[in-house]
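Between the sequences and the hints, there should be enough to build the whole structure, so can you do that?
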Amino acid sequence: MDIQEQVKQAIQQAISALFDTTLDEVALQPTKKEFEGLYTFVTFPLTKTLRKSPIEIGQAIGTYLQENTTVVSHFNVVQGFLNLSIADSAWLDVLNDILAEPDFGQLPTKGQSVMVEFSSPNTNKPLHLGHLRNNFLGDAVSRILKANGYDVVKTSIVNDRGIHICKSMRAYQLFSNDASGQPETPESSGMKGDHLIGKYYVLFDKAYKAQIEELVAQGMPKEEAEKKAPLMLEVQEMLRKWEQGDPETVTLWRQLNEWVYAGFAETYQKIGVSFDKTYYESNTYVLGKEVVEEGLQKGIFYRKEDSSVWINLTEEGLDQKLVLRSDGTSVYMTQDLGTTDLKYDDFHNDRQIWVVGNEQDYHFAVLFAILRRLGRPYANGLYHLSYGMVDLPSGKMKSREGTVVDADDLIQEMYDTAEQRTRDLGKIEDFNSAEAQQLYHMLGMGALKYFLLKVDPKKRMLFNPEESVDFQGNTGPFIQYTHARIRSVLRKAEQNGLQPEKSVSAVAMHPTEQQLVYLLSQFPQRIAEAGDDYAPSYIGQFAYELAKAYNQFYAEVSILSEPDPIKTQLRVTLSALVAGTIRKAMQLLGIDVPEKM
RNA sequence: GCAUUCGUAGCUCAAUUGGAUAGAGCACCUGACUACGGAUCAGGAGGUUUGGGGUUCGAAUCCCUACGAGUGCACCA
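Position 25 of the first sequence, counted from 1, bears residue number 25 in full-length UniProt numbering, the numbering being contiguous throughout.
The hints are all genuine.
Straight-line distance between alpha carbons at most 25 Å, and here's what the computed DSS-like set of lysine-lysine pairs gives:
| # | residue 1 | residue 2 |
| --- | --- | --- |
| 1 | Lys-222 | Lys-206 |
| 2 | Lys-277 | Lys-192 |
| 3 | Lys-427 | Lys-492 |
| 4 | Lys-454 | Lys-548 |
| 5 | Lys-209 | Lys-396 |
| 6 | Lys-270 | Lys-199 |
| 7 | Lys-209 | Lys-222 |
| 8 | Lys-270 | Lys-192 |
| 9 | Lys-454 | Lys-146 |
These aren't lab readings, by the way, just hints derived from the structure by calculation.
Now the structure itself:
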C-alpha cells in the first residue's frame, strides 16, 4: 500500500538481484525541488562494499526498478543520488486507499494508556502567556496521542495552597475594604476572580517591599529584613493556621480560591481546554511520607544525624537529594513521589507525562531516578515534556514587574484583530452576529495557538505581538483560509451537481496533484512521529505544507472549468480530501477551521 | 564556580536525525488569465550555519576549544 515501503522493498530486491548482497535498511528521502523525482536513494554508502562508483550503482538500480516494478516510472542519477519518479497509477492507488479509509488519521489502538498532566496553575494569579504555551502543548499532545491509538487521561494539579496563596489572602484582609467598609468581590469590582486575586498578590508584594525598605533604612541588613518584615511573619502564621484547620482562615481560603476557579473556568472555556481529572495540592501535599519510609526500609534512602532523609544519586550522575526535612515535614520531592503513586493507583496508566517548563529539568531527572530505584512498575514510562520559556521582545516576563502578557487580554486582542481583518475584507456579509463572533474567536484562537505550537516545544521562543497577529504566510489563519477556500469550491461544485467520490478512475495527473497525494499519504506517519517526539510542531508544519501545496494546485489547474470530466472528478475528490485532512490536522492542535471567512 | 540547554538570512522559525546548491514565513523589490475566494500564487534579492580546529566519501548536525545567551544548583514550590 505505502509507496515508500514498496520502493524500499524494490530497492532491496534490486540490490540482492544485481549485486548479490543486502542492505540492513534502505533510507529514502524526499527529492529536492530542483531535481525531478519524488524519492531519492543515496548510493554513497554502497560504494565501499561494492567497489563501484556511486553513479554506476544508481544507474543499475534505477534501470532495474524501471523494468521490474510498476511503482517507478522513470529515474535520473545525479552524482550519488538516485532520483525516482512514481507512476500515476501508483499515486491513484494510494489515493484510493486513503479514500477507502474512513478514519484516515486515526492510528490503530495501542492498547495502552497515557496520562498527560498539564496546566497546573497557581491560584494566586491569572494565567499568562507562558501558561498558554503549556496549556496548548498539553492539549495538543493529548489529542495527538489519542490519534496515535492511546487512551489518554488529561489531568491538572492545582497548586491551591502554600505561602504564596497566603500572601494574596493576607493582602485581601488588609486592603480589600472600600470606602463603605465592604470587602471587594468579583461582583462589586466587575473583575474576573483570578484577576482580582492577582491584584492582591501584587499589592502584597508592594507592601512587603515597603516594609523591607523601612527596616533597612533603620539599619537592619536586607536578608534579615526580608525574614522579619511583619507581613512575612503574618503570612507564615496564616499558613500555620491553615494547616491546623483554623475555620476563619480556611473559610477565607475557600472563598478566594472559588473566585479564582470561576475565572480559570472562563479562560479554559475560551481556549477550549478541559481535564478528565483535577487534583488539588491541598489534598496531595501530605502524600509521600510512606514512600520515604519504604525507601528507608529498602535501604535506598538514608537518615542523617539531624534525622533528615536523603538519597544519593551520584551513580546516576546526579547529586544527593533531600526527601524529608529534619523536622519530618515534606518537601516538593516528597509530594511528587506520593502524587505519582496516587495518579498510578487511580488510573494505572502505562505512561505518565508532565508538561512542565524546562526550569524543572533537574527536579524531574531526580524524581524519575528515585522512582526507578524504588522499583516502581511504571518507572520506565515517565516523561517530562520540558518546554522553553516564552520571551518578549522587551526581554523576560516578570510577574512582579508587570511585564507579563495576560492570557485573557491576549485572547481579546487576537479576537479584535480577527474582527478587524474580516471586516476589512468584507466576505461574510451574510453572517449574523453570533456567527460572526464565533468566527472571530475561531480565527483569533487559531492564530494564537498556531503561533505558539509551530515552534519546537523544547526551544525557547520569542513572542512578538506584531507577528502573532499576522494572518499571512505561515500562520493559523492562512491554513484556516485554505480550508474555507476549498469548502467554497466544493459548494460551487455541488451546485453544478458534482460530489466528491469514494474512488477515482485512472487519469494522467498534474505534478501538483501528485504532490498533494504524496503529502496526504504522509499524514499517518507524521502523526506517529509527532506522538513519538511529543511535538505538535510537526503537525503544524504538515498542515502548513498541505495548505501551501493546495494553493499551488489551485493556482495551476482549473477545477470546475476543466473540460475532462474525469479530471474534474479527481480534483473535486482530492479537494474534499485535502479539506478534511487540514481539518483533522488542525484539530490535533485544538484549532477549528471555518466554512467561510 | 559546577551542571545543563542553546547559538542558522535584517527578524521569527525549518532542515526527514550524517546527505545534493542549508529551506519557509515576515519585511523589501517585480509580476499574476476580467478570477473556482487576491487572508492567494509566481519570481528576485538576502548565508563563511557565532569563531577556530578535528572525525569521513560528505558536517548546521558528531568530538575538542574559545566566545555569547538561557536555565538549574534551598531542609522554596
